[in-house]
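All chains, full assembly: derive it from the sequences and hints.
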Amino acid sequence: MGRKTSKSIIDGRNISIRFIMLLTLMIIVILLVEFLILQSLLAQGENLAPASSENIEAGKRIYMKKCQYCHGVDGEGDGPASAFLDPPPRDLTRARYKIISTGSGELPTDQDIFNVISNGIPDTSMPAWSSLKEKEKWQTVLYVKTLAERFDWYKQIKKVPEIVKIANPPHATKESIERGREIYMKKLECWKCHGESGRGDGPSAIKLTDEWEHPIKAANLTKPWKFKIGSAQKDIYRTIITGIAGTPMPAFLTGNTEEELWDLTNYVTSLGIKNRPQKTTVLRPLFIPGNLTEDLEDPLWNGIEAREFTLFGQILLAPKLYTPSINEIYVKSIYNDKEIAFLIEWDDANQSSPGTTEEGDVIYADALAIQFPSQIPETPESPRPFFLMGNPTLPVNLWLWNSDSNTFMEANAEGVNRKKFQSEKNSDIKGKVAYKQGQYKLLVKRNLTTSDKTDDIQMEYNKFIPIAFFVWDGHNGETESKMAVSTWHYLFLEKKETGRNVLYSILAILFTIIAEIIFVKRIRRNAISTQ
Amino acid sequence: MKTDKLSQIFLLVVAAFLVLKYVIHPRIPSSLLYFYMMIVIFAVFIYIISDTKLLQDFLNPIKSIIIKNEDPLIEERNKEARMLIFGLLPLAVAVFTYINLSVGTKQPAELRSIHPEPPLQILFREKPLRILGLKNPLRADKKNLNKYIEEGAVVYFENCFFCHGDNLDGNGHFAEALNPRPADFTDPGSISQLQESYLFWRISKGGQGLPAEGTPWNSAMPSWENVLTEEDIWKVIIYIYESTGMEPRRWEEKPLNR
Numbered sequence: 001m002g003r004k005t006s007k008s009i010i011d012g013r014n015i016s017i018r019f020i021m022l023l024t025l026m027i028i029v030i031l032l033v034e035f036l037i038l039q040s041l042l043a044q045g046e047n048l049a050p051a052s053s054e055n056i057e058a059g060k061r062i063y064m065k066k067c068q069y070c071h072g073v074d075g076e077g078d079g080p081a082s083a084f085l086d087p088p089p090r091d092l093t094r095a096r097y098k099i100i101s102t103g104s105g106e107l108p109t110d111q112d113i114f115n116v117i118s119n120g121i122p123d124t125s126m127p128a129w130s131s132l133k134e135k136e137k138w139q140t141v142l143y144v145k146t147l148a149e150r151f152d153w154y155k156q157i158k159k160v161p162e163i164v165k166i167a168n169p170p171h172a173t174k175e176s177i178e179r180g181r182e183i184y185m186k187k188l189e190c191w192k193c194h195g196e197s198g199r200g201d202g203p204s205a206i207k208l209t210d211e212w213e214h215p216i217k218a219a220n221l222t223k224p225w226k227f228k229i230g231s232a233q234k235d236i237y238r239t240i241i242t243g244i245a246g247t248p249m250p251a252f253l254t255g256n257t258e259e260e261l262w263d264l265t266n267y268v269t270s271l272g273i274k275n276r277p278q279k280t281t282v283l284r285p286l287f288i289p290g291n292l293t294e295d296l297e298d299p300l301w302n303g304i305e306a307r308e309f310t311l312f313g314q315i316l317l318a319p320k321l322y323t324p325s326i327n328e329i330y331v332k333s334i335y336n337d338k339e340i341a342f343l344i345e346w347d348d349a350n351q352s353s354p355g356t357t358e359e360g361d362v363i364y365a366d367a368l369a370i371q372f373p374s375q376i377p378e379t380p381e382s383p384r385p386f387f388l389m390g391n392p393t394l395p396v397n398l399w400l401w402n403s404d405s406n407t408f409m410e411a412n413a414e415g416v417n418r419k420k421f422q423s424e425k426n427s428d429i430k431g432k433v434a435y436k437q438g439q440y441k442l443l444v445k446r447n448l449t450t451s452d453k454t455d456d457i458q459m460e461y462n463k464f465i466p467i468a469f470f471v472w473d474g475h476n477g478e479t480e481s482k483m484a485v486s487t488w489h490y491l492f493l494e495k496k497e498t499g500r501n502v503l504y505s506i507l508a509i510l511f512t513i514i515a516e517i518i519f520v521k522r523i524r525r526n527a528i529s530t531q
Numbered sequence: 001m002k003t004d005k006l007s008q009i010f011l012l013v014v015a016a017f018l019v020l021k022y023v024i025h026p027r028i029p030s031s032l033l034y035f036y037m038m039i040v041i042f043a044v045f046i047y048i049i050s051d052t053k054l055l056q057d058f059l060n061p062i063k064s065i066i067i068k069n070e071d072p073l074i075e076e077r078n079k080e081a082r083m084l085i086f087g088l089l090p091l092a093v094a095v096f097t098y099i100n101l102s103v104g105t106k107q108p109a110e111l112r113s114i115h116p117e118p119p120l121q122i123l124f125r126e127k128p129l130r131i132l133g134l135k136n137p138l139r140a141d142k143k144n145l146n147k148y149i150e151e152g153a154v155v156y157f158e159n160c161f162f163c164h165g166d167n168l169d170g171n172g173h174f175a176e177a178l179n180p181r182p183a184d185f186t187d188p189g190s191i192s193q194l195q196e197s198y199l200f201w202r203i204s205k206g207g208q209g210l211p212a213e214g215t216p217w218n219s220a221m222p223s224w225e226n227v228l229t230e231e232d233i234w235k236v237i238i239y240i241y242e243s244t245g246m247e248p249r250r251w252e253e254k255p256l257n258r
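These protein sequences, in sequence, are chains V and C.
The opening position of the first sequence corresponds to residue 1 in the numbering used here, with each subsequent residue numbered one higher.
The opening position of the second sequence corresponds to residue 1 in the numbering used here, with each subsequent residue numbered one higher.
It is possible that part of the hints are untrue.
Rough simulated footprint, nothing fancy, chain V against chain C, three-plus residues with beta-carbon under 8 angstroms [as the list claims (entries may be wrong)]:
{"#": "1", "segment": "61-72"}
{"#": "2", "segment": "81-90"}
{"#": "3", "segment": "164-170"}
{"#": "4", "segment": "210-222"}
Have a look at the derived ranges for each label pair, beta carbon to beta carbon [to be verified]:
{"#": "5", "chain 1": "V", "residue 1": "Lys-65", "chain 2": "C", "residue 2": "Lys-135", "range": "46 to 52 angstroms"}
{"#": "6", "chain 1": "V", "residue 1": "Pro-250", "chain 2": "C", "residue 2": "Ala-140", "range": "56 to 62 angstroms"}
{"#": "7", "chain 1": "C", "residue 1": "Phe-17", "chain 2": "V", "residue 2": "Gln-278", "range": "26 to 32 angstroms"}
{"#": "8", "chain 1": "C", "residue 1": "Leu-132", "chain 2": "V", "residue 2": "Pro-248", "range": "43 to 49 angstroms"}
{"#": "9", "chain 1": "C", "residue 1": "Asp-187", "chain 2": "V", "residue 2": "Ser-104", "range": "39 to 45 angstroms"}
{"#": "10", "chain 1": "V", "residue 1": "Thr-379", "chain 2": "C", "residue 2": "Pro-72", "range": "56 to 62 angstroms"}
{"#": "11", "chain 1": "C", "residue 1": "Tyr-36", "chain 2": "V", "residue 2": "Glu-339", "range": "41 to 47 angstroms"}
{"#": "12", "chain 1": "C", "residue 1": "Arg-125", "chain 2": "V", "residue 2": "Asn-275", "range": "49 to 55 angstroms"}
{"#": "13", "chain 1": "C", "residue 1": "Phe-35", "chain 2": "V", "residue 2": "Asp-337", "range": "35 to 41 angstroms"}
{"#": "14", "chain 1": "C", "residue 1": "Leu-59", "chain 2": "V", "residue 2": "Thr-379", "range": "53 to 59 angstroms"}
{"#": "15", "chain 1": "V", "residue 1": "Lys-425", "chain 2": "C", "residue 2": "Phe-35", "range": "46 to 52 angstroms"}
Please keep in mind that the hints were generated in silico from the structure rather than gathered at the bench.
Just so it is clear, CB atoms sit at the ideal spot from N, CA and C, and this is done for glycine as well.
Here you go:
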């Protein structure tokens, strides 16, 4: 009997080895074919849609279906969505393009327009059109070019814009970055728009407009992932030498040596946040054995990883905010047996104190709120207050700060317009705020539990506590329900229960061993009885 | 191959796990994954004990290790195998228990029924509307369909694309901040499985109008009842179907299991 079995096992093995070999071969063949097809597609590239009238017609159909709602029927950037966007959709009739491989202010190549349609523009509503096929994109390029006379004119005078070649970047040494800083601060004075730390808070940045008189912000150089042209060394170099057409961002090619321009590039790169904080659904504060610091600049904070919370404009209830100016905040948190503290950082190019400007624009206070439900829901599945400041049956507890009074206050709300401040005596939070070079730093602290059990959130260990954030930028007309908001996330204060966990694990070992013994005993007994 | 039943069954269970964990999109939350794996293992178990022959095949390799063998050489090997398996098993269980108990690694599973049963009737601006059997009144007016599509598009681009995206794929420029993410209308499992009246209900009442099983209480879908007119909503519904090339489910069809 033993022999027979071993033989059939060997047979089975042979079969499965042959089968696996066959499978591998098939996969290789499939991959190869796919690769070849892709190659041929890529090689065809530009020829996919020659400038025939059929292709332009096809491009027009796509434009009318996909693009006109932003860029307008005639390409003037006045589609129905345009009123709600910042930056607004481009007026394509003037052929002023930002992302080009050609010289300053020049027309883009077809490939440039194709790339914009394929990749979209970061940090704007211009999406990447992955839903369009390669050929359709080329057809759209043809149609987009008919919207501006300038393309036609270039064709008539047979002008072809030259492509700007950029050499390989030199190594970014410390000295190069240091020289770049001099250029940034003194020679070319980039800081006047982009600010000393690069947060777009320079003195000239306050009332910038583009060619269409739309307000425009100087880019925040600490967040390179939002760059439109790109954040690679070569991209930044290109931005500096060609500028950005249609915007106040000038071209700085003349009067500077190539070395100086690379030094500047390296300095701009060095301004970017090194490790972009990650997003999370659950914020886990760090346990600190001693007292919690009340110092915004305590080196302790450097050792704590920040988390990003992405915000969106409050467009659920009127009055709405379609174009929030603050899109993310970074949060660090610590706790001990008694207290919890949050350190929140966000970029805001203007520190606002309420009033009216010379031009008559109303400025509101900058503000921030942390929101908790007044009572922790039993389980994560239990009903939660509406994330926009609660509802009458499930109120929320708000920890508020604003730049007007520069005080911290607690409030309770049963809806956006149903907010009640707690009396000063009842308010248990305290904190500190600093504004420096385009950035707010806010520290707020409270005891884990308070005496007011109905209105104040009582922090509990090992529970998922809903948490949300709201931010207002007073210079952007943000006040009351016009605010940047997050939906609910969780706060989780971990209390290590090592003892309990070890106990349960030992129990698990015991149970398994008992089960094993019973199992083995039974099988052996059965074997004996059948013999 | 017959003697290999044990490894076949083992491979089947592993394959089921891999498919559930990595192939299916969107990702199944881990608590649900455990539940599905329990079902798979239970099904395999039933399958094995349903047939004595199969059960024998299944148990033989196990028995051959456990039962003392006459041959001292084989017995020596079996003993090692026994020690290894029966020693490692409790250890593995303990480690698994410990990891599971260390709450730090967990995050609540936000199970939600994406398409909960709609109410039979809603109040739209205080006017009762029967959702059950309700049809899009504008579809009857075939002559003006193109006009409605055009007007629906304008409604969409003035109100919805921030979240649902220009491509209607749920990737608007606010989508990154939302959890749950905005509905992807281009997903074949989405609007083509729904009647237009279902969309009407969802658009009118938004995330706050969802029943308990439909929400982790976090949907940012606004309620449009007091912003858009009844006709606007029917128009934007037509636009959503038209633009994604999908057909709404009709009332005559037998309800599928949503």
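Evaluated hints:
1. 61-72: holds (count 5)
2. 81-90: holds (count 3)
3. 164-170: holds (count 4)
4. 210-222: Our answer is that it holds, as 6 residues pass the Cβ test (under 8 angstroms) against chain V, meeting three.
5. V:Lys-65 <-> C:Lys-135: 46 to 52 angstroms: 26 angstroms, violated
6. V:Pro-250 <-> C:Ala-140: 56 to 62 angstroms: 59 angstroms, holds
7. C:Phe-17 <-> V:Gln-278: 26 to 32 angstroms: Holds: the Cβ-Cβ distance is about 28 angstroms, inside 26 to 32 angstroms.
8. C:Leu-132 <-> V:Pro-248: 43 to 49 angstroms: Violated: the Cβ-Cβ distance is about 58 angstroms, outside 43 to 49 angstroms.
9. C:Asp-187 <-> V:Ser-104: 39 to 45 angstroms: At 44 angstroms between Cβs, range holds.
10. V:Thr-379 <-> C:Pro-72: 56 to 62 angstroms: Since V:Thr-379 and C:Pro-72 have Cβ atoms about 58 angstroms apart, the given range 56 to 62 angstroms holds.
11. C:Tyr-36 <-> V:Glu-339: 41 to 47 angstroms: 43 angstroms, holds
12. C:Arg-125 <-> V:Asn-275: 49 to 55 angstroms: 51 angstroms Cβ-Cβ, so the 49 to 55 angstroms window holds.
13. C:Phe-35 <-> V:Asp-337: 35 to 41 angstroms: 37 angstroms, holds
14. C:Leu-59 <-> V:Thr-379: 53 to 59 angstroms: The hinted range 53 to 59 angstroms is violated for C:Leu-59 and V:Thr-379, with Cβ atoms some 42 angstroms apart.
15. V:Lys-425 <-> C:Phe-35: 46 to 52 angstroms: 50 angstroms, holds
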